[in-house]
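Going down the list, the sequences are from chains A and B. Residue numbering for the first sequence follows this note's numbering, starting at 24 and increasing by one per position. Residue numbering for the second sequence follows this note's numbering, starting at 19 and increasing by one per position.
By construction, these hints were calculated from the structure, which means they are not laboratory data. Take the hints with a grain of salt, since some may be wrong.
Unchecked claim - Only pairs whose alpha carbons sit at most 20 Å apart, straight line, appear in this in silico PhoX-like list of lysine-lysine:
(1) K296(A) to K360(B)
(2) K293(A) to K319(A)
(3) K366(A) to K413(A)
(4) K296(A) to K319(A)
(5) K360(B) to K293(A)
(6) K319(A) to K274(A)
(7) K360(B) to K319(A)
Said to hold, decoys possible - Listing some non-contacts, in silico: residues in chain A with all C-beta distances to chain B over 10 Å:
(8) F39
(9) G90
(10) A420
(11) G457
Here the structure is a predicted model, which means the values were calculated and not measured. All C-beta atoms, glycine included, are put in the ideal place defined by N, C-alpha and C.
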Amino acid sequence: MSEHPFLQLTGVSKYFAGTRALESVDFACERGSIHAVLGENGAGKSTLIKIISGVLKPDTGSISIDGMPVDYASPADANAAGIVCIFQELSLVPDLTVADNISLAQPPRRFGMIDRRAQREIAEHLLARIKCEDVDPNALVRDLSLSRRQMVEIAKALGKRPRLLILDEATSALTRNDVETVYGLLADLRQDNVASLFISHRMNEVERLCDTLSVFRNGRHVETFAKGEKTDGQIVRLMIGREVDAQFPPKPAPTEHPAHLRVNALSWEKRLKGASLTVGRGEIVGLGGLDGQGQKELMLALFGVLRGVEGRVEVGETSGVPGDPAIAKQAPRRIALVPEDRKTEGLMLPMSIADNLLAASYAYVSVGPFISPALESQAVSEAVARLQIKIGDPQDAVATLSGGNQQKVVIAKWLMTDPDVILLNDPTRGIDVGTKQEIYRLMRRLADEGRAILFYSTDYAELIGCCERVAIMYDGAIVAELTGDAVTEEAIVAASLNIHAGAFGVTQ
Amino acid sequence: MSSKLANLASSIRQNRAFAGAVLMLLALFVLYNILHPRGFSSAVLIQNANESVAIVFVAMAQTIPVLLGGLDLSVGAVMTLSACIASVLVNGSPLQIIMGMVATLLAGTAFGFCNGLIVVYGRLQPIIATLATGAIAMGLALFIRPKPGGDVDGDLNWAVTNSLWDFVDTYGFFDPDAAWFAPVAWIPVPLLIILVFGAGVWLPFRRTVIGRTIYAIGSAEGAAYMSGLPINRAKIAAFTLAGFFAACGGLYLAIQTASGNADITQAGAYTLNSIAAVVLGGTSLLGGVGGALGSLIGALILRVISFYFRILSIDPLLQPLVEGLVLLAAVSLGAVRVFRIKNRLDLFR
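Looking at chain A on its own, in the form it has when it is part of the complex (with noise of 0.2 Å):
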């Protein structure tokens, strides 16, 4: 064993248009350790790692590998140096196959050209070290399935022999089989002297992996200690820095919703399967769940996305599934989405805050053809006051602002439109604890203005402290409803998996 620890950060800081990302990071990581990174969004896990990755250079502070000062211009010198990034936004080339993704920055060649027999070998035997012989190394990636994806991305890291392979949030597409196969991957790792940072919001994952947890907080390293050290209610504290309380804003007593929402027994292709489900005016129906088991296709039926959708839908009085998103927005439905991604689908990135403010509803500041500067004006202002937006000039490009203020141009976006319903797609992913209270509190707002409310979220406490009765689908379908002091995180993870409460172990 040498000295040095096999990665060592000192005093790293980085900013980012004046705002601070990381400010003086030291950070150590060993050999043949699996170490958790843990931390709120914006604490600077995903900024520390592109700086260990070289996607990001430090502005201030010195990265060592094996004692030694290391200066990456790219990825590909972090590479070189053995360190390997398996990414949330996968690396992989969507038009080619899996076995060119494999291999695609050092591939095996033979005259100066890819030797594509070779290459082909290398991916099956990558592919069967993470018992994915049922990925055909000929296919495009484009045709894999997210969860497929993400394995070969694996693959791909482990052919580049690495000595420190870092996992962000790399397990969440995958199923619980090949969750269990990257553990033991993991595990041989560790005996073979690698290091791994381990990124996740998972408890259980990093309780049963890890050996060493270290937590971030707005961008500085609070403290490393080892496994079993500290009480998860302890390392909870540590991430927020205050007690877990007063996050949501308080429920109403409960009272019966006349239905408004009525959907009933909604089938698209292989991802819905059956949904039924109401949502009342007033009332927050959360929709919970793993990922991907149809809570954004649900979502995309019922704003008129899909085509082939069969099934019941009723909004109020009127009856079928809308065709187009423009019909859905319209009366007599006034459906309002805010989708997944918000930087694809939520907002024109190069456009001004104005423009996106209004996108949805032109119709509303237009005299005849004809948009009306005044009337658009004042609707961008109100719109930007009603949700406290944090902008310099309506003109600037909405690309400028922070992420949970893109969030709230979409939401205020859709609100321009008086939506009698709202659909909102995990609304507070990615953004910082501030504002999301602001959107829990908004939520209730709209509730109690009689609006019906179905919100989507990956965060448990989030369906826990918003909302009266949650859903939560499994493989296409409701499978259980939870009302009242029923929401709870055991019931919402034992539904999630489909099994009875009690038989899975239940962190925080």
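Since chain A is already given, all that's left is putting chain B on it; use the hints.
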């Protein structure tokens, strides 16, 4: 064995657009020969091949920037510039002729290299950068050849625009009537040029890291960067190779017409037809999908369509109109996939 069959099947499925283009070309070409009074003869094939070489090379040139997700509006102009250079240099002693051809190809390649440098280090969109450099190429071409004309070696002209028999006969390599030579003597030299230069350069290139990086950039540039691929080098290489192919087209055009002509209208038409050929050949204008062989087929389809006007008595005035309609119909076939899409959001991906 069955796995090989499965591989073939999945390879055809993945290259559906290319397979469709090949079928369309075969159908059009067979029908053309049936309708032609002297169909299925070497003479017709030679004539057709001759008239196809330039557009085939220009279409292959266009393919590579398109795979990156860009467009190269200078390919027609680079072809014209190369033709004008060739019309000055390709004559004299055999050595001079060879040097002249090499110089022509190098000039076009260098021009493409400059395009690449401008796109990468000038951080310009390819379409606008090449609009400007295309005009520069035309300016240089006009400077070299203010009036149409030139002097290209006559033997060379005869040898490369006819059958292999004539090629061997012209240069007297061996007795062209030798019995062993008979089975291949009828093959048109231009067809061989297309195959040797087109496939011989493209297929190996596609299997280099640079070649694959071009696909990766067009498909997902962010992922390509995160994978540590040589992005800038690949972009420069793409435009350089485009320049090379455009120069091949220009060199052949000069030899075929035994002259050079800095014709702005013709250069523009070649550029636009090259884009049509790329799309017909199954390459996505969004980048990442397709290949230069598809564009080779696409260019041949465009040419065959125009050949029909010779044998069918259609008013020549109607030619652009009919060509436009046929092109629209052919390209629409590629849009059939839209009907299979169930999630409308996928339409925008």
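Evaluation of the provided hints:
1. K296(A) to K360(B): Since the Cα atoms of K296(A) and K360(B) sit roughly 15 Å apart, the hinted pair holds (cutoff 20 Å).
2. K293(A) to K319(A): Holds. K293(A) to K319(A) sits at ~13 Å (cutoff 20 Å).
3. K366(A) to K413(A): Distance of about 18 Å is within 20 Å: holds.
4. K296(A) to K319(A): Measuring from Cα to Cα gives roughly 13 Å; hence the hint holds.
5. K360(B) to K293(A): holds (11 Å)
6. K319(A) to K274(A): Roughly 26 Å separates the two Cα atoms, so the pair is violated.
7. K360(B) to K319(A): Roughly 14 Å separates the two Cα atoms, so the pair holds.
8. F39: holds (18 Å)
9. G90: holds (24 Å)
10. A420: holds (18 Å)
11. G457: Nearest chain B Cβ is 29 Å from G457(A), so the label holds.
Checked against the numbered hints given earlier, this structure breaks only hint 6.
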